[in-house]
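Peer 1: From first to last, the protein sequence lines are chains A and B. Letter 257 of the first sequence, counting from 1, is numbered 257 in my numbering, and no numbers are missing. Letter 193 of the second sequence, counting from 1, is numbered 193 in my numbering, and no numbers are missing.
One or more of the hints may lead you astray.
Since the list can't tell identical chains apart, any single copy or any two copies may satisfy a pair.
Using 27 Å as the maximum straight-line C-alpha spacing, the simulated DSS-like pairs for lysine-lysine come out as follows [to be verified]:
1. Lys407 / Lys126
2. Lys460 / Lys41
3. Lys247 / Lys15
4. Lys42 / Lys83
5. Lys460 / Lys321
6. Lys413 / Lys467
7. Lys34 / Lys326
8. Lys462 / Lys126
Hints are computed from structural coordinates only; laboratory data are not their basis.
Protein chains: 2
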Amino acid sequence: MTRVLTLDSMNPNVKRVEYAVRGPIVQRAVQIEKELKEGAKKPFTEVIKANIGDAHAMGQKPITFFRQVLALCSYPALLEDSKFPEDAKQRARRILEACGGHSIGAYSASQGIECIRQDVARYIEKRDGGIPSNPDNIYLSTGASDAIVTILKLLVCGEGRDRTGVMISIPQYPLYSAALADLGAVQINYYLDEDNCWSLNITELRRALSAAREHCNPRVLCIINPGNPTGQVQSRQCIEDVIRFAKEEHLFLMADEVYQDNVYAEGCQFHSFKKVLFEMGPEYSNTVEMASFHSTSKCYMGECGFRGGYMEVINLDPEVKAQLIKLVSVRLCPPVPGQALLDLVVNPPQPDEPSYATFMKERTAVLSALAEKARLTEQIFNTVPGITCNPVQGAMYTFPRITLPQKAIDKAKELGLVPDMFYCMRLLDEEGICLVPGSGFGQREGTYHFRMTILPPTEKLKVVLQKIREFQLRFTQEFS
Amino acid sequence: MTRVLTLDSMNPNVKRVEYAVRGPIVQRAVQIEKELKEGAKKPFTEVIKANIGDAHAMGQKPITFFRQVLALCSYPALLEDSKFPEDAKQRARRILEACGGHSIGAYSASQGIECIRQDVARYIEKRDGGIPSNPDNIYLSTGASDAIVTILKLLVCGEGRDRTGVMISIPQYPLYSAALADLGAVQINYYLDEDNCWSLNITELRRALSAAREHCNPRVLCIINPGNPTGQVQSRQCIEDVIRFAKEEHLFLMADEVYQDNVYAEGCQFHSFKKVLFEMGPEYSNTVEMASFHSTSKCYMGECGFRGGYMEVINLDPEVKAQLIKLVSVRLCPPVPGQALLDLVVNPPQPDEPSYATFMKERTAVLSALAEKARLTEQIFNTVPGITCNPVQGAMYTFPRITLPQKAIDKAKELGLVPDMFYCMRLLDEEGICLVPGSGFGQREGTYHFRMTILPPTEKLKVVLQKIREFQLRFTQEFS
Numbered sequence: 001m002t003r004v005l006t007l008d009s010m011n012p013n014v015k016r017v018e019y020a021v022r023g024p025i026v027q028r029a030v031q032i033e034k035e036l037k038e039g040a041k042k043p044f045t046e047v048i049k050a051n052i053g054d055a056h057a058m059g060q061k062p063i064t065f066f067r068q069v070l071a072l073c074s075y076p077a078l079l080e081d082s083k084f085p086e087d088a089k090q091r092a093r094r095i096l097e098a099c100g101g102h103s104i105g106a107y108s109a110s111q112g113i114e115c116i117r118q119d120v121a122r123y124i125e126k127r128d129g130g131i132p133s134n135p136d137n138i139y140l141s142t143g144a145s146d147a148i149v150t151i152l153k154l155l156v157c158g159e160g161r162d163r164t165g166v167m168i169s170i171p172q173y174p175l176y177s178a179a180l181a182d183l184g185a186v187q188i189n190y191y192l193d194e195d196n197c198w199s200l201n202i203t204e205l206r207r208a209l210s211a212a213r214e215h216c217n218p219r220v221l222c223i224i225n226p227g228n229p230t231g232q233v234q235s236r237q238c239i240e241d242v243i244r245f246a247k248e249e250h251l252f253l254m255a256d257e258v259y260q261d262n263v264y265a266e267g268c269q270f271h272s273f274k275k276v277l278f279e280m281g282p283e284y285s286n287t288v289e290m291a292s293f294h295s296t297s298k299c300y301m302g303e304c305g306f307r308g309g310y311m312e313v314i315n316l317d318p319e320v321k322a323q324l325i326k327l328v329s330v331r332l333c334p335p336v337p338g339q340a341l342l343d344l345v346v347n348p349p350q351p352d353e354p355s356y357a358t359f360m361k362e363r364t365a366v367l368s369a370l371a372e373k374a375r376l377t378e379q380i381f382n383t384v385p386g387i388t389c390n391p392v393q394g395a396m397y398t399f400p401r402i403t404l405p406q407k408a409i410d411k412a413k414e415l416g417l418v419p420d421m422f423y424c425m426r427l428l429d430e431e432g433i434c435l436v437p438g439s440g441f442g443q444r445e446g447t448y449h450f451r452m453t454i455l456p457p458t459e460k461l462k463v464v465l466q467k468i469r470e471f472q473l474r475f476t477q478e479f480s
Numbered sequence: 001m002t003r004v005l006t007l008d009s010m011n012p013n014v015k016r017v018e019y020a021v022r023g024p025i026v027q028r029a030v031q032i033e034k035e036l037k038e039g040a041k042k043p044f045t046e047v048i049k050a051n052i053g054d055a056h057a058m059g060q061k062p063i064t065f066f067r068q069v070l071a072l073c074s075y076p077a078l079l080e081d082s083k084f085p086e087d088a089k090q091r092a093r094r095i096l097e098a099c100g101g102h103s104i105g106a107y108s109a110s111q112g113i114e115c116i117r118q119d120v121a122r123y124i125e126k127r128d129g130g131i132p133s134n135p136d137n138i139y140l141s142t143g144a145s146d147a148i149v150t151i152l153k154l155l156v157c158g159e160g161r162d163r164t165g166v167m168i169s170i171p172q173y174p175l176y177s178a179a180l181a182d183l184g185a186v187q188i189n190y191y192l193d194e195d196n197c198w199s200l201n202i203t204e205l206r207r208a209l210s211a212a213r214e215h216c217n218p219r220v221l222c223i224i225n226p227g228n229p230t231g232q233v234q235s236r237q238c239i240e241d242v243i244r245f246a247k248e249e250h251l252f253l254m255a256d257e258v259y260q261d262n263v264y265a266e267g268c269q270f271h272s273f274k275k276v277l278f279e280m281g282p283e284y285s286n287t288v289e290m291a292s293f294h295s296t297s298k299c300y301m302g303e304c305g306f307r308g309g310y311m312e313v314i315n316l317d318p319e320v321k322a323q324l325i326k327l328v329s330v331r332l333c334p335p336v337p338g339q340a341l342l343d344l345v346v347n348p349p350q351p352d353e354p355s356y357a358t359f360m361k362e363r364t365a366v367l368s369a370l371a372e373k374a375r376l377t378e379q380i381f382n383t384v385p386g387i388t389c390n391p392v393q394g395a396m397y398t399f400p401r402i403t404l405p406q407k408a409i410d411k412a413k414e415l416g417l418v419p420d421m422f423y424c425m426r427l428l429d430e431e432g433i434c435l436v437p438g439s440g441f442g443q444r445e446g447t448y449h450f451r452m453t454i455l456p457p458t459e460k461l462k463v464v465l466q467k468i469r470e471f472q473l474r475f476t477q478e479f480s
């Protein structure tokens, strides 16, 4: 029988999609977990998945207030229950009133519930020291990924040399390369400067852009700040330079700012692209086109499963806006529980409200533990021969460089694996630790890395770091 | 200033997308609602939105058991609360145990939580009289729309005469035409037979297919059963014929079965494509490639806001399956609250459980009210001169044909509107009733229709039907 749909007859763009964060190494990890469950003997008793920024899976507890409101929204009979604090009930009532039939089971407007978009706008204004934000420019989304793909879909077109080129950092978060492959866009790599704490260098942007202009039509510049997988936090100066570059070179800016609350290093601070843009004056704030993305999945809440998020668009052509609204309406609406959660993130308990103290305690506990783990990770890795690691200034990952012996590189090639995949597979098999090879994010030719989340609880993280240390020594010895 | 992204420079496929269910008429309805809120005087006091299958927005109450479990999953401290029935707690515990860190805030597997996929498979087996279903063939999704677009994305490729053609019914649900425009596929229209209760005629399929073969590569046949917007329920014989046709013509079958519990007419019964396929014997069940779609948004639960759904794939090439898993992993996972809800839909309270009686009462109340409203709608519309209406055998819509006077058609053309859009706009302005013009779904040249949901509560529906009756008489008189 010949099938209608085969590897040969399917959409070739989909074949080109790669997504390392959930790639073969994770499939192997799931398999090992199954074997352990079935009683298999291994040198370890559990698989520690440090491959993905999935805070709750690593034991982080949800913020009590958020979940109380979500329970109230799900089952409004609880609004009569005296066990729930009044501020939680007030939030739930307000969300329910904004829902069709007062139910989170109704579709919302495709752009998102209006009062939540208003809350998001107020949150952005507060974050950016009063620079105005218009709720009409806010689009709620199914996680940040959804909004990123939607904006790229509007932008990517043309054929041959006119095909839209999109500049992305290397290393990058593989959603970008996957979306570009899927849309058939031209991926334009610009390399972050590992020797300078993964900073973004305008000279490198220029190099990448002029090389790309030979064969495509570059129209978009994507930035991830704080960085994923590289954990750097951009300086205000650098953001200004990037904005100036985008204006000069007529590029649409996409600012992925989902880690905006995850900044740990002393002297580092999160500057939103929007704020810097507006502080640069009307010459910039009236002209540079931009979309900024945020999510409920990261920061201190880590609510990945709810798939909540938003984007703010700046200087988007009104006719394109109408097209954007039409496009998002085809999928009806983002999940309403995720919208409700987002509302709580942008409108958390205030100092005069009963839930404030607990909320602040929980929030601070998560963020200070992350800061401590960021410090610990850098410190321990840098004591290991063959591993060098930049400071984890922000986000929730470290992307250390590993020196692999030539014999290991040869062995990997023999097995048909890229060398850092070989390294990570061995680490998984021998120590039960699941990381993502650097090749999944992109890296300079001849260098090798892995991405590890700093999310495991401190004590477990120490064990993980110790195990990687031992593995690295053993591996180096084996192939020397 | 010249923008990077303008109507001229944007992706032309997105421009071609249309989605009538949330189109200009709904935007006008939202505007009128705002005007009413601000105190504007109108011939009505509220806008009744009968444009979209949004049950809760129309006042339908959620199923108590479902929402209890969702509240427990959201805020597990409630598991200690004696007010919640034991079966709800048991379901919640089981779902939480299947979540990373026992939290619905963790990402799930991209294909969906394994134990939920198992429950879905068992549900399908029971529905189909024991025909086996493999959890590996189940993919949870963000509503049915998400899964439909995903499968189309795998299938659509080629250029020029090799471009993939996709057969869709006319009238159709505009998700299909929108997705095909977005993907740049060739839309192949086959017309349902209005004179025979919107039945599907194989001769018409053949006509459409052979015409399309002149200019594209038809590879997919989409069926919606029970029908949206047309409300018909396909006979077993018709489904057999369609399957035979798909096999003969080497087409991939997409069966949109989201209204599978919404069957009202006497003598009508829902037959799943999967069941009929397997009953036709191995010659068919081992060869015909198919995907079937279901959702939490319709049936008796109407939980649209949660964006839950699944698809089952049959005879999908194993290599393509691997590509499918890779593709869905880029979006990480479907919303976990929607997955949890889906689990309850496929695994509701059983006769020996404490919540069974209430669950059955609530479920039956919704479905019998819908059956009554389906009957009422057909009956009343068919008494109105100029409106003819097929029985609403299933789903939740009626798609009556309206006879428009030539003067009204001329007037519409003068205003640059398609005639049934003109009709619906006038109805909205004069009576505050929001319907979708038939042109948004497609219809035979020279015929006019509208789609109306039967979801308003019975008493309100009677008022709506009466108002449409009066409007139709007035409108006909005005343009005679």
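Peer 1: Hint compliance check: list the failing hint numbers for this structure, sorted ascending.
Peer 2: Violated hints (numbers, rising): 1, 4, 5, 8; every other hint is consistent with the structure.
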